[in-house]
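*Asks:* Working from the sequences, and respecting the hints, build out all of it.
Add 13 to the 1-based position in the sequence shown for this note's numbering, that's all there is to it.
Think of the hints as simulated: they come from the structure by calculation, not from any bench.
One should not assume that every hint holds.
Lysine to any residue pairs mimicking SDA-like chemistry, simulated, CA-CA at most 20 angstroms apart [unchecked claim]: (1) Lys76 with Thr137; (2) Lys77 with Val87; (3) Lys76 with Ala64; (4) Lys241 with Asn146; (5) Lys110 with Gly40; (6) Lys76 with Gly92; (7) Lys241 with Leu140; (8) Lys241 with Leu145; (9) Lys76 with Glu114; (10) Lys110 with Gly92; (11) Lys241 with Asp275; (12) Lys76 with Gly138; (13) Lys110 with Lys76; (14) Lys76 with Glu122; (15) Lys77 with Asn116; (16) Lys241 with Asn144; (17) Lys241 with Glu122; (18) Lys241 with Thr271; (19) Lys241 with Gly138; (20) Lys110 with Ala74; (21) Lys241 with Lys110.
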Amino acid sequence: MKFSVWFCPFAAMALTACETVQTTQGGVVGVERRQSMSSLVSSSQMDRSAAQAYRQVMAEADKKNQLNRDSAQVARVRGIADRLIPSTAAFRPDAPKWDWEVNVITSDEVNAWCMPGGKIAVYTGLLTRLNLNDDELAAVMGHEIAHALREHGRERASEQMAQQIGVSVLSTALGLGDLGAQLTQTVLDVTLSLPHSRTHETEADRIGVELAARSGYDPRAAVSLWQKMANLGGGKPGEKLSGGKPPEWMSTHPSDQTRTRDLQNYSERVLPLYETARRR
Numbered sequence: 014m015k016f017s018v019w020f021c022p023f024a025a026m027a028l029t030a031c032e033t034v035q036t037t038q039g040g041v042v043g044v045e046r047r048q049s050m051s052s053l054v055s056s057s058q059m060d061r062s063a064a065q066a067y068r069q070v071m072a073e074a075d076k077k078n079q080l081n082r083d084s085a086q087v088a089r090v091r092g093i094a095d096r097l098i099p100s101t102a103a104f105r106p107d108a109p110k111w112d113w114e115v116n117v118i119t120s121d122e123v124n125a126w127c128m129p130g131g132k133i134a135v136y137t138g139l140l141t142r143l144n145l146n147d148d149e150l151a152a153v154m155g156h157e158i159a160h161a162l163r164e165h166g167r168e169r170a171s172e173q174m175a176q177q178i179g180v181s182v183l184s185t186a187l188g189l190g191d192l193g194a195q196l197t198q199t200v201l202d203v204t205l206s207l208p209h210s211r212t213h214e215t216e217a218d219r220i221g222v223e224l225a226a227r228s229g230y231d232p233r234a235a236v237s238l239w240q241k242m243a244n245l246g247g248g249k250p251g252e253k254l255s256g257g258k259p260p261e262w263m264s265t266h267p268s269d270q271t272r273t274r275d276l277q278n279y280s281e282r283v284l285p286l287y288e289t290a291r292r293r
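*Replies:* Printed below as a string of structure tokens:
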């Protein structure tokens, strides 16, 4: 993976080198944006911290008797994941070999996510409140997996760590002490609390429809999925909105109309992959 070194645009880390990386191949959908990552936050660090964060979330869910309570739901979600994961090779040859984990959390929350390194959770509210078919569920999971493939969490963690560490980075550059603990909390924050940017959401939408198509799921289901999300009142799984939505230029997410058009366009683009997968 080629990268160049420059200086971070974050004021608190003005003297700390960043890497400009190409995390994924472009695929048919052509997602080719180069990304800037703090050298303080490596992919391996993110994966280790994500594994720790995931264990914390699963342990808490288990303590509340919310973890994998319905065997049929768990089998369904894991079956879809098993079909999606091999298709990640189209974007990252290393991804199918990640230490993937897939679990279902019993909660009314309409939510799903994938932490760095392939740590997936699907909430039962997503399944029941939206009444998703398998194609629509694959669209959700493909979208969340795309965030992990693109290392969007690492991008956001780079920014968060810059804010948290601030000027103290300069005096602790040779030994950051509790960086690991900070990064684990940051993974939890960026996964469960902080919204993705419009750029991240659009990239995940486009990669998600290609993952679904390559796996034999109808990519056009992403459109009906998004329409269900919008009708429910949330901009994405787990996001709670009240009242009217702000104009697109004020929002961290594309408008409903923009997103629907983009999903329609890119789902049509990957239809040949879907037809090929169906014939296998």
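*Asks:* Under the constraints set out in the numbered hints, which ones does this structure not fulfil?
*Replies:* Of the numbered hints given earlier, those the structure breaks are 6, 13, 20, 21, listed in rising order.
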